[in-house]
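Number of protein chains: 2
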Amino acid sequence: MPLLPKSIQNLINQLSKLPGIGPKTASRLTFFLLKQPEMERQSFSKAVGGLGADIRYCSVCHNMTETDPCKICSDIKRDKNIICVLEDPLDVVAMDQLADFRGVYHVLGGAISPLEGIGPENLKITELLNRISTDQTPKEIILATNPSLEGEATAMYIAKQIKIQNSKFKNIKITRIGRGLPMGADLEYADEYTLSKALEGRREY
Amino acid sequence: MPLLPKSIQNLINQLSKLPGIGPKTASRLTFFLLKQPEMERQSFSKAVGGLGADIRYCSVCHNMTETDPCKICSDIKRDKNIICVLEDPLDVVAMDQLADFRGVYHVLGGAISPLEGIGPENLKITELLNRISTDQTPKEIILATNPSLEGEATAMYIAKQIKIQNSKFKNIKITRIGRGLPMGADLEYADEYTLSKALEGRREY
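Protein sequence lines correspond, in order, to chains W and X.
In this note's numbering, each number is its position in the first sequence, counted from 1, plus 2.
In this note's numbering, each number is its position in the second sequence, counted from 1, plus 2.
Hints listed in this document are in silico derivations from the structure and should not be mistaken for laboratory results.
Wrong hints could be hidden among the right ones.
Identical copies go unnamed one by one, so any copy, or any two together, can satisfy a pair.
[Stated by the list, open to error] Subject to a maximum C-alpha distance of 30 angstroms in a straight line, what follows is the list of computed DSS-like cross-link-like pairs (lysine-lysine):
1) 82 / 48
2) 175 / 79
3) 8 / 19
4) 141 / 175
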């Protein structure tokens, strides 16, 4: 679109680079921003430019944080006996909305994915093993990586690593989050894998 | 999400203000940006901050431009005898992708919309009337406002204004783009073929 002024074209190009945003959406967003007050655009600009400047990683759970250790790890009300292992900081946000869970977290920073060149050494797995051996050993580790191929593989790998060092950690209970039909789902539309997992994970009433 | 560092939360909030982007998409985009190189984020930030700084309006056609008169109005290869009247700068971009049209444009800056408080006096209609009376009078005016209620009303209003001053402009042919475009559609999102057909099927008012 060489007919548009450079600053407009420039922002359309930048927005088009974002995942799920094509050139039409990018134009729409750009013209929306153009109608906003200058101050609004400047604070948006600052938010983009300042992104990441204040981010540290908690030396205990490896979650993103502003303070080290993070708010959750330094919270004395949290039950340090239960560690929930997650892939990403956003998973912590999702999990922590539950009033049910008052344990602590361990953020891996992704999942094992040979296709993307992410091996166990790129994740905070060694850190997890060190954490449970040096800290007061927890009672339970909940493996809550995503129920995707990568997440399943990662959970299996971690469980195996912990069991290899069985003598050291023999009292730790290792669990995997329940997989099955999501609430509100329709059985007839469920995929085979989910259904199989739901059957496998059935519990006595 | 008070668990995330401020700079992340800040950008999520800003992105959530954009139309069609909810908090989930905003988080996804923020984490995508977080993985980009710092330089990439800075140029995005600059693109947002610099938006609008270079925008002038062409004194002839009132399109957004960096130079006055704009590239199209100062192009000697353009046929000044045909003026295509459009609502918005993005409509010019859409229309100008057609090889069919080599005339010039007139950008109204919107359409008459009593609900939004936009009357004829808020649009560049007087400027259009002045333009066709002071410039060499064009042979044809194509009213290509959107085929929406507002666009139709605007086209009708302009046609009427020109006909009122009939004696002065009696040789001007006033046409409306063909209603091959479905009612309620938005010109800037029309595919090229529909747009081309609409141009071809224009009828005298």
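Hints, one by one, checked against the model:
1. 82 / 48: Neither: 37 angstroms inside a copy, 44 angstroms across copies.
2. 175 / 79: Within one copy only: 21 angstroms inside a chain, 79 angstroms across chains, cut-off 30 angstroms.
3. 8 / 19: both (17 angstroms within a copy, 24 angstroms between copies)
4. 141 / 175: within (6 angstroms within a copy, 85 angstroms between copies)
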